[in-house]
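K.L.:
Residue numbers (this note's numbering), protein chains in the order written: chain D, 1 to 357; chain S, 1 to 291; chain P, 1 to 282.
None of these hints come from the bench; they were simulated from the model.
Values in this document were obtained by computation on a predicted structure and should not be read as measured data.
One or more of the hints may lead you astray.
Taking CB as the label site, the calculated pair distances span [stated by the list, open to error]:
#1 TRP24/P <-> ASP129/D: 24 to 30 Å
#2 ASP129/D <-> LEU82/S: 55 to 61 Å
#3 THR57/D <-> LEU100/P: 35 to 41 Å
#4 PHE203/S <-> PRO16/D: 42 to 48 Å
With a straight-line cut-off of 30 Å between C-alpha atoms, the simulated BS3-like cross-links for lysine-lysine are [claimed, not checked]:
#5 LYS117/P <-> LYS183/S
#6 LYS131/D <-> LYS101/S
#7 LYS122/P <-> LYS75/S
#8 LYS183/D <-> LYS154/D
#9 LYS131/D <-> LYS95/D
Using N, Cα and C, we set each Cβ at its ideal position, and we do this for glycine too.
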Amino acid sequence: MTDIVTLNNISKHFGPVIGVDNVSLSVRSGEFVTLLGPSGCGKSTLLRMIGGFEEPTQGSVVINGDDVTHLPPNKRPVNIVFQDYALFPHMSVGKNVGYGLRVGGVRRTEVADRARAALELVGLGDRFDAKPHQLSGGQRQRVALARAIVRRPKVLLLDEPLSALDANLREAMQVELKRLQRKVGLTFIMVTHDQTEALALSDRVVVMCDGRVVQDGTPDTLYDRPSSTYVAGFIGTTNLFQGQVHGDTLHALGQKLVVPEGLAPEGRTLTFGFRPEKAEILTAAVAGNGTLPATVTDILYHGNSARIVVEVSGSPLSIDRTISDARHASGLPDIGDQVQIAIQPDRIMVLADEAAA
Amino acid sequence: MTLALSKRNRLRQFLVLSPPLLWTVLFMFAPYTILVVYSFWRAQFPLAVPDFQFGNYIEIFTDPQYARVLLRTAKIAGLVSLLALLLAFPYAYFLAFKVRKPGLRLTLYMAVVAPLWVSYLLRAYTWKTILGTEGLLNSFLMSTGILSEPSSVFLYNQTAMVVTLTYVFIPFMVMPIYAALEKIPPNLIEASGDLGEGAIATFARITVPLAMPGIVAGFTMTFCLSFGDFISPILVGGPDGLMIANVIAAQFGAALNWPLGSALALVMLVIVLGIITASDRFERLGQARLS
Amino acid sequence: MTALETSVPAITAVRSTSRKPRRWGASLGWGLAIGTVLAFLYVPIAVLVLFSFNTSRSLSWPMEGLTLDWYRTLAGNEQLIEAVGNSFYVATCSTILTLLIGVPAALALDRLSFPGKSAFRKLVLLPIALPGIITGISMLILFRMVGFTLSLETVIIGHATALLAVVVTQVYARLQRLPRSYEEASADLGANGLQTFFLVTLPNIRSSVIGAGLLSFTLSFDEIPVTFFLTGRDNTLPMYIWSTMRRGLTPEINAVGALIVAFSAVLIVLSVILMRDKPGAR
Numbered sequence: 001m002t003d004i005v006t007l008n009n010i011s012k013h014f015g016p017v018i019g020v021d022n023v024s025l026s027v028r029s030g031e032f033v034t035l036l037g038p039s040g041c042g043k044s045t046l047l048r049m050i051g052g053f054e055e056p057t058q059g060s061v062v063i064n065g066d067d068v069t070h071l072p073p074n075k076r077p078v079n080i081v082f083q084d085y086a087l088f089p090h091m092s093v094g095k096n097v098g099y100g101l102r103v104g105g106v107r108r109t110e111v112a113d114r115a116r117a118a119l120e121l122v123g124l125g126d127r128f129d130a131k132p133h134q135l136s137g138g139q140r141q142r143v144a145l146a147r148a149i150v151r152r153p154k155v156l157l158l159d160e161p162l163s164a165l166d167a168n169l170r171e172a173m174q175v176e177l178k179r180l181q182r183k184v185g186l187t188f189i190m191v192t193h194d195q196t197e198a199l200a201l202s203d204r205v206v207v208m209c210d211g212r213v214v215q216d217g218t219p220d221t222l223y224d225r226p227s228s229t230y231v232a233g234f235i236g237t238t239n240l241f242q243g244q245v246h247g248d249t250l251h252a253l254g255q256k257l258v259v260p261e262g263l264a265p266e267g268r269t270l271t272f273g274f275r276p277e278k279a280e281i282l283t284a285a286v287a288g289n290g291t292l293p294a295t296v297t298d299i300l301y302h303g304n305s306a307r308i309v310v311e312v313s314g315s316p317l318s319i320d321r322t323i324s325d326a327r328h329a330s331g332l333p334d335i336g337d338q339v340q341i342a343i344q345p346d347r348i349m350v351l352a353d354e355a356a357a
Numbered sequence: 001m002t003l004a005l006s007k008r009n010r011l012r013q014f015l016v017l018s019p020p021l022l023w024t025v026l027f028m029f030a031p032y033t034i035l036v037v038y039s040f041w042r043a044q045f046p047l048a049v050p051d052f053q054f055g056n057y058i059e060i061f062t063d064p065q066y067a068r069v070l071l072r073t074a075k076i077a078g079l080v081s082l083l084a085l086l087l088a089f090p091y092a093y094f095l096a097f098k099v100r101k102p103g104l105r106l107t108l109y110m111a112v113v114a115p116l117w118v119s120y121l122l123r124a125y126t127w128k129t130i131l132g133t134e135g136l137l138n139s140f141l142m143s144t145g146i147l148s149e150p151s152s153v154f155l156y157n158q159t160a161m162v163v164t165l166t167y168v169f170i171p172f173m174v175m176p177i178y179a180a181l182e183k184i185p186p187n188l189i190e191a192s193g194d195l196g197e198g199a200i201a202t203f204a205r206i207t208v209p210l211a212m213p214g215i216v217a218g219f220t221m222t223f224c225l226s227f228g229d230f231i232s233p234i235l236v237g238g239p240d241g242l243m244i245a246n247v248i249a250a251q252f253g254a255a256l257n258w259p260l261g262s263a264l265a266l267v268m269l270v271i272v273l274g275i276i277t278a279s280d281r282f283e284r285l286g287q288a289r290l291s
Numbered sequence: 001m002t003a004l005e006t007s008v009p010a011i012t013a014v015r016s017t018s019r020k021p022r023r024w025g026a027s028l029g030w031g032l033a034i035g036t037v038l039a040f041l042y043v044p045i046a047v048l049v050l051f052s053f054n055t056s057r058s059l060s061w062p063m064e065g066l067t068l069d070w071y072r073t074l075a076g077n078e079q080l081i082e083a084v085g086n087s088f089y090v091a092t093c094s095t096i097l098t099l100l101i102g103v104p105a106a107l108a109l110d111r112l113s114f115p116g117k118s119a120f121r122k123l124v125l126l127p128i129a130l131p132g133i134i135t136g137i138s139m140l141i142l143f144r145m146v147g148f149t150l151s152l153e154t155v156i157i158g159h160a161t162a163l164l165a166v167v168v169t170q171v172y173a174r175l176q177r178l179p180r181s182y183e184e185a186s187a188d189l190g191a192n193g194l195q196t197f198f199l200v201t202l203p204n205i206r207s208s209v210i211g212a213g214l215l216s217f218t219l220s221f222d223e224i225p226v227t228f229f230l231t232g233r234d235n236t237l238p239m240y241i242w243s244t245m246r247r248g249l250t251p252e253i254n255a256v257g258a259l260i261v262a263f264s265a266v267l268i269v270l271s272v273i274l275m276r277d278k279p280g281a282r
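Using the sequences and the accompanying hints, generate a full structural model.
P.N.:
This is the structure:
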């Protein structure tokens, strides 16, 4: 596992605006890395600097051991799938896919063969002569993929590759992307603002905010151990509250919660949180040590699960309950019910938060 | 941005930019500059001698005949723009809001634009044949008995020029107004109707203000083009119909006073640029208000 | 006049509650308004063409009879034929030249940032609103100063300069609608600048380049104000017509006019067909 892409202290300024602020990042060969963040966080700019469409104001880009910071896109061993796919409208699908080979001086017959092979890889072998406008959104996406991998780049860049597709198709394409990555064994760097997409596809997720990296880790680390309220809020739903730890007790929400000892520095007011599915709703009768008395205020039914919104000492908390065949929706509490909430002690997260620190 | 550009970018820029840049410097910037320089020279046989004196400008601003020509030119250009607006606005409005079929809309639009492709000279000339003493209008009026003998009142006067110039330049009025009206979402006008506004109120309070950039652009175009015309005054204008461009042309022809002609051309240029700048300002103001 | 009178019932009908008469009255009013404009635009052209077939030398109504004599006279008019040839030469050269300069200029204005860009833009677009006479005389003085002899070539330079704005505006408008990702994708796939331009950019702005070319050709073919000052002894067609016209009106001019109208019509149809965007092309 060697590093295929290394970014050293990259910054990009657009006039007075700082797009990317001193980012360093390494991507290992074969890894699927996702840059995640809201629009304007600099993730696309970072990707475009790897692709060669923007030049960093500071820092360097190293790909496959070569410093490519000042090389144009056509001199870099990377290819990109654009958000709008950028399929050339005046060329057939086959010509689009073969374009990179054709301008690279590959023989005509070989261009056609390799383009066809790439199209077959994405399941579109029969649309070689079609024009891009005759294809569906999902098919266009696959053509863009085929076009980008046909040159066998060291790294494939994907700029919001699924955002133009509708929800059902997006899920199917997620599977497809993952399958394709395994098959061709390429390094993928993807940009997205969609956290489910990032968690589902990536080996590693880099969360960005205001041009900086705020957390870099595997999907489960990000989900279970977000480093800040920003990350916690961006990935999944989190119930946040302030509190203080004394020994194995967390004083929060006007109650006492049981937590592992040494969870957080003694006596400091910090932000804590837990995921909605890491708590259980118990009947009011089974109140025990560390459970919280609550009132049900809303129930959102999702089919295989339900989100139950409760109020604890005036603060709303969300709690998810899966609904299996055995336990039907009828097993849910009613609005207005008095219940007890039990949070799994080892699932309580401590969030580094400048505001609370 | 420009500071961060690397070498390859600069080279590519240079390759793309150098032909047009060279051309504009050689054949636009240089001639305009020389025109300015020349306007300070003195006319002397065989043509002119270098000098720096304001004689040409003093002559333009003290001899009342130049002021008269300029005012007449402005009056005619203004009337042309007004007449073109009166004809073009309903047409553009009809195209934008009343025609439902895209095919018909394209046809009607092309019907206005197409004459631009037909020789300007011939379009002006045909009015000479229509309005002349032996022309179509006279023959027609005589054959219907309205006139007993051919009249010469139609041709060789300012009215004939206004009609001819309107005819020639009306496409430049229709195009921008249509473009502006087309951008108005029909539901905006419907919404105004829903809010209880009458058709006339909607028109005055929604349609016209939103069409204003187009109207101003069309007015500017038509005015400037008419202002600089020197063909139709010769074809259909009378002795009182000379415009500023004719006076300039004369300085480069029979009168052979190039420096004076240059000074006159610069006065014209300043007027035209002033109008264009004012109209630009107006348009930008309108955009700022909308956004 | 008639349009005004009939639009009065249309306005009163708006106030009545019944919808049918209002629609009927309004559409009559619109019909007349549109009819007036179309008549204003096309009756003169029809007159121009019609009188080219008139047997009489005078252009008066009613026509005495139909003849093709005037076209026959044209065919034997050597000066005229030479002028037509000159015009084709000038229009072709100036169109090619203005495209060669105008397309890169539009590219530079849309895709590049460089110092002095806004001054460059202003300068390039100036002739579109500037009276042709100013371009004509300023270039006349320039050529005189550097000692160029006036000829068809100086006319070509003048036309190419005056028409630059037409090409730049049309191509620039198309470029603005062209997603930059096409060019980025091309570069990403290994194409150099020239490959990208010829394989991706140009095919996608093709319609606007052809349209601008056809329009430039027509405008150059028809140009007087610049030609007037920059031509030497050779006449272009409009200059020839112009000098004939000043001597007097003859149906011969109408015959030339009718041919030009026919030629223009062909060009218009051609440009509409060529400029129609292909399906799927954004």
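K.L.:
The structure should be examined with respect to each hint, and the outcome stated for every one.
P.N.:
Against the structure, the hints come out as follows:
Under the hint 24 to 30 Å, the C-beta atoms of TRP24/P and ASP129/D, about 53 Å apart, miss the expected range. Range check, ASP129/D to LEU82/S: Cβ separation about 57 Å, and the 55 to 61 Å hint holds. The hinted range of 35 to 41 Å is satisfied by THR57/D and LEU100/P, whose Cβ atoms lie roughly 36 Å apart. The beta-carbon spacing between PHE203/S and PRO16/D, approximately 45 Å, falls within the hinted interval of 42 to 48 Å.
For the given pair, LYS117/P sits about 29 Å from LYS183/S by alpha-carbon distance, which is consistent with the 30 Å threshold. For the hint linking LYS131/D to LYS101/S, the alpha-carbon distance of about 28 Å falls within 30 Å, and the restraint holds. Among the hinted pairs, LYS122/P with LYS75/S is consistent with the structure: their alpha-carbon atoms are about 28 Å apart, no more than 30 Å. With a CA separation close to 14 Å, the supplied pair LYS183/D and LYS154/D stays within the 30 Å bound.
Note on LYS131/D and LYS95/D: the hinted pairing holds, with a Cα-Cα distance of about 9 Å set against a maximum of 30 Å.
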